[in-house]
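Student: Make a model of the complete structure from these sequences and hints.
5 is the number of the first residue of the sequence shown in the working numbering; add one for each residue after it.
Please note that a few of the clues may not be correct.
Pairwise CB distance ranges, derived in the manner of DEER restraints [stated by the list, open to error]:
no., residue 1, residue 2, range
1, K122, H303, 44 to 50 Å
2, E32, G221, 56 to 62 Å
3, K122, A156, 38 to 44 Å
4, E72, Q150, 42 to 48 Å
5, P239, T22, 48 to 54 Å
6, K122, Q235, 23 to 29 Å
7, E271, R193, 32 to 38 Å
8, T22, Q255, 34 to 40 Å
9, R252, A169, 51 to 57 Å
10, H111, Q325, 39 to 45 Å
11, E159, Q235, 32 to 38 Å
12, T29, V247, 26 to 32 Å
13, L238, N310, 33 to 39 Å
14, A274, T167, 28 to 34 Å
Hints are computed from structural coordinates only; laboratory data are not their basis. Treat the numbers as computed from the prediction; the structure is a model and nothing was measured. Just so it is clear, CB atoms sit at the ideal spot from N, CA and C, and this is done for glycine as well.
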Amino acid sequence: MKSSKDLALPKLRSDVHTALKHWHTVDEKSESVLAYLLLVQDRVPELGPQTPAAMRLATNRVLLAGLEQLEKQQPQAAHILKKRFHDQETMQSVSWQLDLSVDQVKHKQREALWLLAKILYALEMEVREAYITRQEGQLEARSYTQLFGVDALSERVYTLLTTTAAPWVITLVGIGGIGKTSLANHAVRQAIRQLVYEEVLWLKIANQPKKASPLIGPEQTFQHLISQLSQKLLPALPRETAVKERLRQLQQLFKSQAYLIVVDNLELEADTAYLLAELVTLAQPSRFLLTARTRPVDHAGSLSINLPELSQADSVALIRQYAAEIGFVQAAAAEEEELLPIYQVVGRKSVCLKTPRQPGKSAPPTCAVGFLKATAVGRWRRSLSLYLARNVAHPQPGCQSGVGHHAFGC
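Tutor: Pasting the structure below:
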């Protein structure tokens, strides 16, 4: 997709005028005048190979569609533009037909060009919003309402996703529950609005064993990923198509147009290293964004970014925000020193701050802040201390520990 993200009406008006003047011209210069419009790009595939003639025809069809709408609103304005550019009649000829002076026709033509540009602008914005909505629909649903402590990091990832240069494979690295998926989701949603990518896909590596299995190794994980990609991007391929052929066709696709592929939830170090090495060969101009628990060895064209744990200030802000979400007004308005016990005992991960695991429970049904909701404001600190003391004294198997703190439910 080659779309100008900042669509300005004055420039569009000028480009529409140029495109009209070249209605019957087929060359590389004239056919590219409105090529940045998705309105034009959407019509090219139905015309066969992308040649100057096909692009010219697509441009003319967009202009005609705009003129049809203009005719419903201002018949005379549409008539002037059609006669002047489609029929190639002179200004003098049009003035005779309309019983107007040449100066009057010139004035009306200028007005008509603005009206046509406004119509095409509105149509283009509709198409762009539809593209954005469709691409956002490919993402995992938001699991957050607000991000904490990653403003600068989010901006950095967004910038990397929207640049036309390396890195082509970006890996967000961090322990479980630290917010890799949420950060990726947030940055990708921002990038989508810039209309940089032809398609955006979100793939999750699910049901990975904690220990490598001789039957499920990195190569099998990669092959499964290729199968998922080909099913979504190359649906016409027969199901029995070999992985090698799928890979070849995907490489052609990724090298010809810019796609953004998010691969979420890489838990195994071997999988992350293997996928990174393979995906680098598929990228450019397409890009891959990975979330992983272990930092891979970087290759040329790749970059790994470590996610830091939440600071004390951000942790307290998260607790307050979540308390407000669930309607626990006392905790949301509590002083920082009253909220510090949660941070000091639970840890610095957003998931751990919100969903500590309880003894004997396989899932985290209760939140630290949610637990406080049942207590009076004067008693909540004592109740929390008892609650944490019981849980910290008997931590659940599999719970990880943060840096200098206990972390639950990760």
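Student: Of the numbered hints stated previously, which ones are contradicted by the structure, given in increasing order?
Tutor: 2, 5, 6, 7, 9, 10 and 12
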